Amino acid sequence: MGPRTVKYVLFLSFFVTIPVPYYMGELEFAPVLRAAFIVGLGLVVMVDAGVGGLVTLMALLGGVQVLFWGGAQWAVSGLAARLLCASVDESRRIWFVSAVAAALLSVGLTQIYATPLSSLTPHSTLREIFR
Amino acid sequence: MRRTAIVLVILGALGLVAPSGAFERTEHRLSCEQYDALRTPYFGDLHVHTLHSSDAFTQGTRLTPRDAYRFARGEAVGLQPFDSQGRPQRSAQLRRPLDFAAVTDHSESFGSVHLCARPDSSVYDTVSCRIARQWPRLAFFGFGASCGQADGDCERFEAQTWQEMQEAAEEAYDRSAACGFTSFVGFEWTAADQSVNNLHRNVLFRNAEVPPAALPSSRFPTPEALWDGLDEGCRREDSSCDAVVIPHNSNLSAGLMFTASEEPFDPAYATRRADYERLVEVIQHKGASECLAGAGTTDELCDFEILPYDNFMGRFLPVLSGDPAPINFTRTAHGEGLRLRRTLGVNPFEFGLIGSTDTHLGTSGWVAEDTHEGHGGAGISIGEILPQGLLDPIEYNPGGLAVLWAEENSRDALFAAMQRREAYATSGPRITVRFFGGWDYPETLCATLSFAEAGDANGVPMGGRLAPPPAAATGPVFAVQALRDPGVPGVPSAPLERIQIIKLWVDGEEVREQVVDVAGRRSTASVDEKTCERGGEGADSLCAVWRDPDFELGEDALYYVRVLENPSCRWSTHACNRAGVDCDAGMVPRGYEDCCNPDFPRTIQERAWTSPIWYVPPAA
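So the protein lines, in turn, are chains A and B. Using our numbering, you'd call the opening residue of the first sequence number 45 and step up by one each time. Using our numbering, you'd call the opening residue of the second sequence number 19 and step up by one each time.
Chain A with its partners taken away, still in its complex shape:
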């Protein structure tokens, strides 16, 4: 597993599971993926219903935060990948990175996310973040 692959896997794991605070009318503490999903829905509404109004503001606000947190996670993933490649030999890297990803996914399956914008429940698991 090369440094680039390590970086991609870590970034994907972070993006999908690590809760970050973002504000879109309400303060949520959930994965960047959820924020990006909400921004995506906003963009669809803007295409369908036209630009303007609260939804545009929400999408803009959310978009900036997705870029910020996504960028931060990309940078952290790169740093972590470099450190990992320097300290763990190549044959063991896959197990190490897999373990990190699995651990993050496991924690994400518990109700750790604060999602007041959810139509289902204000405290979501990874399986519920698209509601």
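Hint data in this document are derived by calculation from the structure and do not stem from the laboratory. Heads up, some of the hints might be wrong.
Unchecked claim - Cβ pair distances, simulated, as ranges:
| # | chain 1 | residue 1 | chain 2 | residue 2 | range |
| --- | --- | --- | --- | --- | --- |
| 1 | B | Thr240 | A | Leu87 | 28 to 38 Å |
| 2 | A | Gly122 | B | Ala278 | 55 to 65 Å |
| 3 | A | Gly96 | B | Glu173 | 49 to 59 Å |
Quick caveat, the model's predicted, so the values are computed rather than measured. Backbone N, C-alpha and C define an ideal beta-carbon position, used for all residues, glycine too.
Given the coordinates of chain A, assemble chain B onto it according to the supplied hints.
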């Protein structure tokens, strides 16, 4: 107007209208069997949202105005979340029905809230509407269709909603001689400065004669524009239509509720404001607005149900909200009004006090601390699953009630009580408070059976202005009587602790205040926080006659009463106990972390606040 008068004359001749009393009769209805010239306290809720409010609808509220009135009259209702068959997973019922209520949905969303929900909408099948239906919470933030897309549907739905609200109010209104329940047609005008500084006001109409459409803040953006709209659409020469405008949540207004859109105040503005805004909602779900501890007051009881922020942002993004401003609070505004009267000749803040819930579940008057499950709205949104933990933010409360002293339970009588401010607020319990001010009440008044009769004969009730002092007067005298909430079998209310009179006056340019215990005393009663059992002594009734010893003839002043119950458990303590929270032992189930937040009390002293009685010095 002329037609109404003719109908009234005919009905009067047939004995179908009540004898004329202290209030003007504008509607035809049967006489009330219960009519008391000395007036009766009626308990109600004048701030209720149903599915026609977008913040309620997008949280799953499905109760209609008809349901909200049914609930107010004592019937059980089902509440969200709903199961896959659409069956409600919660139910609610008042222990005691209300005497009156008003459904006050946000007029801004009358049309738009139904755009994506009704199959007869022209945009129902659009992608935006599918998204709004699939993710209803996002629909509150504009994820859905807009009125501009909808080819006149908003106007159509707006008219239908306004019509439905009137019909629901009419159906709930008891026009029989029993006079069992009164409804008011109304709406909430939901303006906010910069979206988050609350300027909201409820508008209630006197009778069934109302404007052809509700007045949204999108078309009437300032309070002055709202009053203009009501002048034009309601208070016309040829109509018996009349309205009161009741501001609420001044605590979240960032200091703007008690200012004018264009300062400085002028007499014309002050006169209009005092005319329309005769009442202010001092307690509701989102906090109390009486006074703020430490802000120009040493009153230790000003820490009751205070939100720790200055506007709506405080709830959702606290970093962008400051500490509450002193002028957010009615006591500060009352004092400012006295000061302004000296320069303007008119007091713009001559308002009385009421309480209500601001429920967004359609549950009018659901104020019991021990059964509180939130009221939605800016509180916690109950989606498709009942969340674990506290069902309301720890800083919120179940809201209060409005009490109106009226001759009978009819729209005209209750509306007249609102206009003369013979009204008071409670934080939930049905405490009865009577308050009179005059110049020569005897000290033995409490011992007589004619308290109310003498109160009326020799002075004015709460909400009034003292008559000019007689030549030999040494100071105004106030008579106040309070009765404990009788409760219901098995659920007794807490006994009364004490009655306080709060005096504000203007000394030079300074507003000063004094809080005097006039009956009862600070209680040694206790509450077991684990079981919520109350102990210690309290009173079933309290009464006092108090003469102001420091009265100055030339100083503007006002006096109002605060009645306190013995301490009892706050709603959050009941909820935390039910969940088995033990902070000392570290047993805190998920969602109940705020049970151990030391910033919020575990017990409270429920209370009532009367409207003031004002003293205006004779012109020099």
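Results for each hint:
Look at Thr240 (chain B) against Leu87 (chain A): about 35 Å separates their beta carbons, and that is inside 28 to 38 Å. Evaluation of the 55 to 65 Å hint for Gly122 (chain A) and Ala278 (chain B) yields a pass: the beta carbon distance comes to about 57 Å. Separation of Gly96 (chain A) from Glu173 (chain B) is about 20 Å and departs from the stated range, judged on CB atoms against 49 to 59 Å.
In the structure shown, a violation is registered for the earlier hint numbered 3 alone.
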